[in-house]
Structure formats: structure tokens, C-alpha cells
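A.B. asks: Chains as they are written, first to last, in my numbering: chain L, 1 to 511; chain W, 1 to 99.
One or more of the hints may lead you astray.
Said to hold, decoys possible - Here are the simulated lysine to aspartate or glutamate pairs, EDC-like style, with alpha carbons at most 20 Å apart:
#	chain 1	residue 1	chain 2	residue 2
1	W	K16	L	D52
2	W	K23	L	D52
3	L	K40	W	E45
4	L	K48	W	E15
5	W	K81	W	D6
6	L	K215	L	E139
7	L	K168	L	E243
8	L	K28	L	D86
9	L	K301	L	D440
10	L	K372	L	E324
11	W	K80	W	E34
12	L	K372	L	D74
What the hints assert, rightly or not - Chain W is nowhere near these chain L residues, computed Cβ spacing over 12 Å in every case:
#	residue
13	G43
14	V53
15	A89
16	R357
Read the hints as simulated data drawn from the structure, not as lab findings.
C-beta: ideal position from N, C-alpha, C; glycine also.
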Amino acid sequence: MKIEKTPQDDHQMKLVVEVEADHMEANKHRAARMLAQHTKIPGFRPGKAPYDVIRRHIGDDAILEQAIDILLEDTYPEILKEAEIDPGAPGSLTSIDNLDPPTFTFTIPLKPTVDLGKYRKVRLPYKYKAPDKARVDEEMESLRKMYATTETVDRKVEFDDYILVDVKGGLDEEEEGASLSEELSRSGFAVAVRKEDQEDEWPFPGFAKSLVGLKPGDSKTILHKFSKKHDNEALQAKNASFEVTVKTVQAVLLPPFNDEFAKTVGDFENLEALRETVKQNLENRLKSEYDDEYYEAVMEKIREGTELKYPPQVLEHEQEDIIEDIRQRLSQQGMELESYLKIRKMTMDKFIEEEVRSSAVKRLERSLLMDKISKEEEIRLKKSDISQEYGATLSQLQMQGLDLSRVKGGKKGQQELAQMVAAESANRLMVRQILERIKDIATGEIEKAEKAAKKEAGAKKEAAIKDSRAEKKKTPEKNTARKTTALKTGKFGETKPKTQNTSRKKATKED
Amino acid sequence: MITIYDILRRPLITEKSNYQSSKLNQYVFEVAQEATKTMVKDAIERLYEVDVVRVNIINTPAKRGRRRNRRLMVRKPGYKKAIITLAEGQSLDIFEGVQ
């Protein structure tokens, strides 16, 4: 076997392979026998006809085709081994150049290579600040507003009131009949009067504000000129007048801040306990938000210093993954991807081009980076950690109403589920550990720790070396296959794959 | 008048005849109804320039059968089959695959 290697720009390898002619002949016989099994040759039982008869019956070309198939199947692994190539995706046969001797050209995508560069030098201070008192107060206030009640009052309209109004509107220069005035009129229309302008206020921003000071039963005529960028073309840059009658005014009553309020909100003993919980929730939320941002930034920084190389097939694979994710998301909402695209007036190609590709690139690069970092840093999961995480995930699932004994598929189904949960937990744990390590690196903690360790080691050199060697031997091998699949779905600290979030966002936008 | 060119209809290539030609040096032909052993011998010797040791002749009977649904009668005509044994070391090319 002769192999000629030519590397290509897009991280693929071109191989020209020449196979011995004998080999080919033997394969032809094998191919003929295989084909004969399925063809009916008169006078012979299936598979019993001699080679010549088969050749006469089904023709040389068919046999040759089959023979090449067999040959490739057999020798492909050998070729890879001989060429010392680590493929990142299935290779393809580009052309058959010659038959005597048989010569083939393959294009084989190489495994992505990641050169992390000086990722250990990446520094980004971790500046998370716990929410201060004012922030907590704000949170409490919004909670209070959520529990507010309204009451009909007989007084002038003030800010923060809810009012019911009848609106009769029309353009000053009516052009096309009454259709527009209908659109600009409503009766029994509820308006929330706020100090700030709201963008989506009907019929124009600032409408409610102009009603302040009116009493129930009062009427007022408001003149307004629509902006040139108004959504409705017929209304653009037009003068309109609105005759508004206030029907009722409802004042908002905020519940008083006391222990009673705490009890209505939830199972809290007093206001202090409620405040504590609110603070805790707020802190968790802000922290995870900040963490997301932080990790994103650090990863971005690490990415800048690294050199990633991967063939287009790997990216394509990632894209397919993402599309599959989206498809699943949509099917949970009872929609098909095709109809979703139709609604958005997109074609599949455009969708991939505009939305899937960029997130695929991001996801792929991230997973490559994380994988490499985990290898470089020798992050390994401890068995006890995994089982702990597994337990936590399972109980979480059970809280969501999952009943293990009622899983479809009997015992097998249960096992599958258990495996899924286990993989998921290991995955999550791994991602978390990697992120923590990255954080340590970026904040410089690692360097400090290592320096300290060095100092210590200097003091009792030999003992330390022995210890570390023993330690290394003890650490168990980790299954890398699981790790890579696990990392793909990893979004920082979260269980859901990234695309799920984005697709959900998209869906709601559409709504 | 029947000539030697009318005697041999076609070679019969089946699993069995394949065995006979490769192991026993016998070749099987479908021959004309009126052919005799001597006529077949003459024809083979003249056409292929080989020596025929022996000729066996079998009259394969016609077969009737019902096909598809049970009503359709199908008749398969009979034919005369000649098994020709050649002298050792000689062979007929037409059985040796595509040229």
C-alpha cells in the first residue's frame, strides 16, 4: 500500500492511496459472491454459481463497484493507521483515479487541534459585589407592588393610578374613511398612569400622563402629532385629536410592610425572615448572572490567545446538533421546525447561515477549549462527587414530579433514565469544576497556591516528590468519551444547553 | 434436410452442468428433437474440432403446471438434451466464461 499525504488549508488531509492489484482481484471475487447471494441466476441455487457465470450475468461494473466498497471498508482503518491520522469526522472518497493498480483519493478531516497558548497568563479580576441595602429595599418594594390591591376612589387622577377611559380619536385630515378613527377609539380602556413614558403605550407614548388631574366624568381633548416612524404607515406624521372621558379612577393600595404581609407572601414568620429570603434570592440571582458574564469574558479572553483548528465537518456536525435541539424544543411546544421557519419567513439555509452558524461556532470553540483545559489541568471527577451530584439531580427530578416506577419501558427504561441522569450530573460537575479552575487561573489564585506549594516543597523536597508521585498513581482514569460529549452541552454552571435558551427566547419573541 | 448446424440448439449452463464440465469433462447441450447420438457426435467434432468419446441423450418431457392463480395453465415445452463426453484433455471454450 502506497500512501501520499497532502495537508489542506481547512484542516483536512488529502490522501492518495494505491492498493495492490492482487488485493483488488480477491475483493472482486468476494464481491461477486456477495452479489450472487441476492441475484437469481437460472440454473443455479443462490450463491452457488461460479465466478464466471456471475460475471456474465451481472456484469463487470457491478462487481467492481461492490469490490471497491468492500476494499474501502476493509482497508480504511488500515490506511488511517498507516498514514498516522487521527480523524475528527468520517472521511470521504473524493475520486477513484485509476483501477490498475487501484488508486483512490481520500479527504479526511483531522481532529480539531487546540493550542491553548498562554492561557495561564489570562487575568481577569472577579468583581462580584453582594447587593447592598438599597438594592434589597428595591426588591422588597417590587414585591410589595405585586401584592398591591386597587380601590375605586373619587378624586383627581394621580400618578400610579389605574383609570378606565373612553377614547374617541380621529385624524385631523381624514383621508380614507372611518377605518382609522375606529382604530383610534376604544371604550372602557384601562390605563396605568406612570411617571415614565412607556414605548408601547396606546395610542401614543405619554398619553396617560396627559390625563393627570382629571376627575371621574371629566372629558378632555388631546391633540397629538404622530411621529414619522410610527408603525402604522397611515398614521405617520399625522395630526390627531382624542376626546377622552375618564370613567373611574382606581387608586393602588400598597400593603403595609409588617409581619402580616410576610405571612401573606409565603410561609414566613415575620418581615425579617422574608427580607432574608428575598436578599438570598437576589444574591443568588445576581451572582449567577455575574458568573455567567464573568466566565463568558474569561473564555473570550482565553479564546483570543489560543489557536483553534478544526475541519468544516465538525462544525457542520455541531450545527446539526443545534438544529436537533431547536427541533426538540419546538416539538415540545407542538410545532415543527419547518412551520416555525415558515412563520419567520426563512429558509433552512438562511436560518443556518444567520442564526445557527454563529452559535455553533461559539459552542464548538467553547467545548474544544474546555475539553483541552480539563486535560491540561488534569481535572478529574471523584466518584463520591459524582454520586453526590447524581443523588441531587435525581431528587430534583423527583421534586418536579418524576416517578421512577412509572417510567416508560419498564426496567430498561429506568436504567436508561438512570444513565442519562448520571451522565448529566457528571457533565454538570465537570463543567463546574473546569469553570472553577478557570476562575482560579484568571484571578491568579492558582499561581499563588503553586508558589506556596513550591516553597513548601523546597523545605521538604524529597518527601513531597514521593508523595505527589503516589498521588498521581492513585487518581483514577477518567472516561474521556463521556467527557467530550458532556462538555458539548455545557453552559456555564447550568444544566440546559445553550441553544435551548436562545431558541426559547426566539420563540417568545415570535409570540 | 437437417444439417449439423441445426443440431445444437444451445449449451445448458446450470449448477449440474457446471459440475459436469469442470469435473467430468462432459458438456450439456439442448439439441433438436430429431437429433440422434451420431448426429450430435458429428456436429460437435466438426464444429469444435474435438474428439467425442460418448454421447448420452435424454428426452426431457414437457411440463404442465398452474401458475399465478389456480386457473392459468402454463405449459413448458420438452426438449432433447445431449450430454457429450470429450476425450481427456480437451475442452469446449463456450463453457469457460466470457471471452
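A.B. asks: Indicate, hint by hint, whether the structure satisfies it.
C.D. replies: Here is how each hint holds up against the structure:
{"no.": "1", "hint": "W/K16 <-> L/D52", "verdict": "15 Å, holds"}
{"no.": "2", "hint": "W/K23 <-> L/D52", "verdict": "16 Å, holds"}
{"no.": "3", "hint": "L/K40 <-> W/E45", "verdict": "34 Å, violated"}
{"no.": "4", "hint": "L/K48 <-> W/E15", "verdict": "7 Å, holds"}
{"no.": "5", "hint": "W/K81 <-> W/D6", "verdict": "14 Å, holds"}
{"no.": "6", "hint": "L/K215 <-> L/E139", "verdict": "33 Å, violated"}
{"no.": "7", "hint": "L/K168 <-> L/E243", "verdict": "5 Å, holds"}
{"no.": "8", "hint": "L/K28 <-> L/D86", "verdict": "29 Å, violated"}
{"no.": "9", "hint": "L/K301 <-> L/D440", "verdict": "14 Å, holds"}
{"no.": "10", "hint": "L/K372 <-> L/E324", "verdict": "25 Å, violated"}
{"no.": "11", "hint": "W/K80 <-> W/E34", "verdict": "9 Å, holds"}
{"no.": "12", "hint": "L/K372 <-> L/D74", "verdict": "32 Å, violated"}
{"no.": "13", "hint": "G43", "verdict": "3 Å, violated"}
{"no.": "14", "hint": "V53", "verdict": "7 Å, violated"}
{"no.": "15", "hint": "A89", "verdict": "42 Å, holds"}
{"no.": "16", "hint": "R357", "verdict": "54 Å, holds"}
Checked against the numbered hints given earlier, the structure breaks hints 3, 6, 8, 10, 12, 13 and 14 and satisfies all the rest.
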